[in-house]
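Residue numbers (UniProt numbering), protein chains in the order written: chain V, 1 to 239; chain S, 1 to 301; chain G, 1 to 368.
None of these hints come from the bench; they were simulated from the model. Do not rely on the hints blindly, as some may be mistaken.
Taking beta-carbon pairs under 8 Å as the criterion, some of the chain S residues facing chain G (in silico) [what the hints assert, rightly or not]:
no., residue
1, T42
2, L52
3, L53
4, K83
5, S85
6, Y87
7, D89
8, L90
9, F103
10, D104
11, K176
12, Q178
13, K179
14, K180
15, F265
Label-pair ranges, simulated between beta-carbon atoms [as the list claims (entries may be wrong)]:
no., chain 1, residue 1, chain 2, residue 2, range
16, S, N106, G, V219, 16 to 24 Å
17, V, F14, G, L349, 52 to 60 Å
18, G, L34, V, S83, 40 to 48 Å
Just so you know, even glycine gets a beta-carbon here, dropped at the ideal spot from N, CA and C.
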Amino acid sequence: METTIKATNLTKSFGDFTAVDKLNFEVEKGEIFGFLGANGAGKTTAMKMLIGISKPSAGDAVVAGYQVSNQAELVKKNIGYMSQKFALYDDLNIKENIQFFGGIYGLDSKSIEVKYNRVVENLGLQDYAKQLVRSLPLGWKQKLAFSVALLHQPKIVFLDEPTGGVDPVTRRQFWELIYEAANQGTTIFVTTHYMDEAEYCDRISIMVEGEIKALDTPKVLKKEFGVSSLNDVFLKLAR
Amino acid sequence: MSLHINNISKSFKDLKAVKHISLEVKENELFGLIGPDGAGKTTLFRILASLLLPDEGSANVAGFDVIKDYKKLRKNIGYMPGKFSLYQDLTVEENLNFFATIFDTNIEENYDLIKDIYIQIEPFKKRKAGDLSGGMKQKLALSCALIHKPKVLFLDEPTTGVDPVSRKEFWDMLKKLQKKDITIFVSTPYMDEAALCDRIAFINQGEILQVDTPSAIVKNFAKEVINIRTNSIYKSLQVLGKYQYTHSNYPFGESLHYMDSRDDFDPNEIKKHLEDEGIEDVEVQLITPEIEDIFMELSRE
Amino acid sequence: MKKFIGFVQKEFYHIFRDKRSLFILFGMPIAQILLFGFAISNEINNVDIAVLNKADDKNSIEIIENLQASKYFNVLEELQSEKEIEKAFQKGKIKAVVTFEKDFAKNLQRLQASKLQIITDATNPNIANTITNYINSILTKYSHISLKQNTSPELVGTESRMLFNPALESVYMFVPGVMTVILMLVSAMMTSISITREKEVGSMEILLVSPLKPITVIVGKVVPYIFLSIINATVIVLLSVFVFQMPIVGSLSWLALESILFIITSLSLGILISTLSSTQQTAMMISLMGLMLPTILLSGFIFPIESMPLPLQVISNIIPAKWFIIILKSIMLKGVGFGFFWKETLILLFMTFVFLSISIKKYKIRLA
Chain V
1 METTIKATNL
11 TKSFGDFTAV
21 DKLNFEVEKG
31 EIFGFLGANG
41 AGKTTAMKML
51 IGISKPSAGD
61 AVVAGYQVSN
71 QAELVKKNIG
81 YMSQKFALYD
91 DLNIKENIQF
101 FGGIYGLDSK
111 SIEVKYNRVV
121 ENLGLQDYAK
131 QLVRSLPLGW
141 KQKLAFSVAL
151 LHQPKIVFLD
161 EPTGGVDPVT
171 RRQFWELIYE
181 AANQGTTIFV
191 TTHYMDEAEY
201 CDRISIMVEG
211 EIKALDTPKV
221 LKKEFGVSSL
231 NDVFLKLAR
Chain S
1 MSLHINNISK
11 SFKDLKAVKH
21 ISLEVKENEL
31 FGLIGPDGAG
41 KTTLFRILAS
51 LLLPDEGSAN
61 VAGFDVIKDY
71 KKLRKNIGYM
81 PGKFSLYQDL
91 TVEENLNFFA
101 TIFDTNIEEN
111 YDLIKDIYIQ
121 IEPFKKRKAG
131 DLSGGMKQKL
141 ALSCALIHKP
151 KVLFLDEPTT
161 GVDPVSRKEF
171 WDMLKKLQKK
181 DITIFVSTPY
191 MDEAALCDRI
201 AFINQGEILQ
211 VDTPSAIVKN
221 FAKEVINIRT
231 NSIYKSLQVL
241 GKYQYTHSNY
251 PFGESLHYMD
261 SRDDFDPNEI
271 KKHLEDEGIE
281 DVEVQLITPE
291 IEDIFMELSR
301 E
Chain G
1 MKKFIGFVQK
11 EFYHIFRDKR
21 SLFILFGMPI
31 AQILLFGFAI
41 SNEINNVDIA
51 VLNKADDKNS
61 IEIIENLQAS
71 KYFNVLEELQ
81 SEKEIEKAFQ
91 KGKIKAVVTF
101 EKDFAKNLQR
111 LQASKLQIIT
121 DATNPNIANT
131 ITNYINSILT
141 KYSHISLKQN
151 TSPELVGTES
161 RMLFNPALES
171 VYMFVPGVMT
181 VILMLVSAMM
191 TSISITREKE
201 VGSMEILLVS
211 PLKPITVIVG
221 KVVPYIFLSI
231 INATVIVLLS
241 VFVFQMPIVG
251 SLSWLALESI
261 LFIITSLSLG
271 ILISTLSSTQ
281 QTAMMISLMG
291 LMLPTILLSG
301 FIFPIESMPL
311 PLQVISNIIP
321 AKWFIIILKS
331 IMLKGVGFGF
341 FWKETLILLF
351 MTFVFLSISI
361 KKYKIRLA
């Protein structure tokens, strides 16, 4: 098995406050890894380090083959990122968004064209290609955003609370897309505090006060804590 | 009746946000409006809180018409919008005092009502609301909405974006409040919160799909739901997607939920079909449908 | 009333906790006054002027000496006839000519208006204007000090003619202008932003659902800014008097009253803007583009209205700042009484009334 993320004593402090305390974990190629924690548990800080926009105070992580401490630019080139808050420009149409994001990842116009056609075809968006993204239903926007995050064929895609609040049917369609990408060998790293999102992951870690307090498959965790849902696992850990 | 909604509709330009909704909520009921983002929950809440005028239909809250008696109505309801809407640059105490003042009351007068909630944030009363954690903000917002002892409390997606621990605490608080003579009308996109309400209404694309107690909704659901575990959810989904008898087929965490298009069938048939297609470790099990199964089925129709 | 006090208290919390708006509130007026003040006083140091003294008597000679003694002017030549004025300007060295009529001193003694004419090169109207202001202030001082007995400042009647731009007014411009701009900025922009902030954050929803009356919300928003604007106006007046030795000739109480009126006009404009916009950004844009620019450009603060093309002159009439600047000039520089600016006061009152009635009508008791 190939490891795509390996964190070693990854730490971040702000003054006296240690937001992320010596994280150690590995994520394998093609794995869907859920990164859970309550608000303020440090998961956003940890993810910022993993995607190369924040420097660790101590320790390091290797992401997509590069060290986040001193090869952040290479890390950024080899990962994709999608957050629920911002994913696409609302005032550009589908094609313009794809051209823009393809462009910033250094794709040439010919391959952008090829990818654009593929995305539009896969998602069945042919009739909407010229519409502003603003006018698309939320579920489609998210599927499109995910496809855009995959444009440059990154080894890892980081998803920040990707399906919160989406209707249940769309959410499942979205997860099918994620399964498909994982099946093709893309590693998926999902940060969330929605436990129902976590249930879909191959393995999950739960952060509490800057430390990883549990890390395993949802099934094992539920068994270990003797409860029927991840929500209960979470409640037990957080107390 | 504490809440009486009669054939309410509301459009924004060409978007029909709420379509002919009728609902009744009893006194002291904890009523849940359940549906995804964009289903029309917030629009309905704003109409009921007299913040929006309906295009047609009428509604009555605590005996006051939402259009004609809006002034009286506003004195008798508590409203907590979806977005945290308190003053971030004011401290906990200043926020609470402010809302008490504009409702002609003071913290002492109704302290009994908010005590259980406020006591948890009281240690931070000198802290600015903007510096509170999500769960604490929510408790403060709830305290502010309750400070004038409203008859009906409207909570628009109070638990969105809040971690599971705070969510649980929040629902516990609502249960306690209910005993203090307050009708609670709450909306949520989380299907798993449905079971915590006395009665629920499913809402999708501006329409009410069903109204009943959570247990009755589950009991009356006509279709059988099969839970399937295999070695690969992704492959199983694809196989079942092409299966001739598949009615619906959705991933549910580590397993998937399957409904058959036939009225009568043997779950083992499906197991066999999956195994024939090369899927391993197949386990099938007839389960009690989850609220989410039912919502998805209803919203398909 | 308790509700109202609670509301005002909350507004003060907002204001004093927001460092940025505090800076705009108190830093900007001081910075602007100092900036304008020094920029202008630097501009006219040792400006070359010429005199045409047809009287050649005691008073006219004294005035010329006063001009020469000031650090602002240097009397370069004495002209002999009016014909030479044009020539002198064409040489480009001198910026202004001061002429005294034949019986200057005699007219002064007879308590009659004696004529003194200031002619400036108005190719740069701003400099021309400033020069006129300075000469005027020297004349004012002279008439105060030297002609004390039974005389009033009007005695030395000056008549300025702007060559190439004849009707430019001769007053000390920048203090009234800056004061107007700042009161407008603080009052209109800050109120409109503070109201739209509530809309944007969502707290307006809760205020609407509460039993607060619209009028309480509006007045509660306005009262704190009335106080702050009054403080600002006072700071500006103090700065201009003590730092720039600007004389305030007229009545201080009228100055205060008219300033309060203008503050209220601006506040009502701010409320109007906030009813039209739903985000702080729009409110800011409207305030800047729709208020600040016209106030600076069309009010006569920087560019004389009389030299504008006709359409702009017409538009300038709907700008409250124009009328307030006229009032300020009348009080601060001319020292005339209410009789001279009652018309402008009425216009401002009327504008305030219109803004407020539209705002109250437009203030929504509901969302959207």
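Verification of the hints:
1. T42: 10 Å, violated
2. L52: 6 Å, holds
3. L53: 6 Å, holds
4. K83: 4 Å, holds
5. S85: At about 4 Å, which falls below the 8 Å cut-off, the nearest Cβ of chain G leaves the hint on S85 of chain S intact, so it holds.
6. Y87: 6 Å, holds
7. D89: 5 Å, holds
8. L90: At 6 Å from the nearest chain G Cβ, L90 of chain S passes the 8 Å test, so the hint holds.
9. F103: 6 Å, holds
10. D104: This interface hint holds because 7 Å falls under the 8 Å limit.
11. K176: 23 Å, violated
12. Q178: With Cβ-Cβ at 21 Å, over 8 Å, it is violated.
13. K179: 24 Å, violated
14. K180: 20 Å, violated
15. F265: Violated - the Cβ of F265 of chain S stays beyond 8 Å from chain G, reaching only about 51 Å at its closest.
16. S:N106 to G:V219: 16 to 24 Å: Given a distance of about 22 Å, which is inside 16 to 24 Å, the answer is holds.
17. V:F14 to G:L349: 52 to 60 Å: 56 Å, holds
18. G:L34 to V:S83: 40 to 48 Å: Since L34 of chain G and S83 of chain V have Cβ atoms about 46 Å apart, the given range 40 to 48 Å holds.
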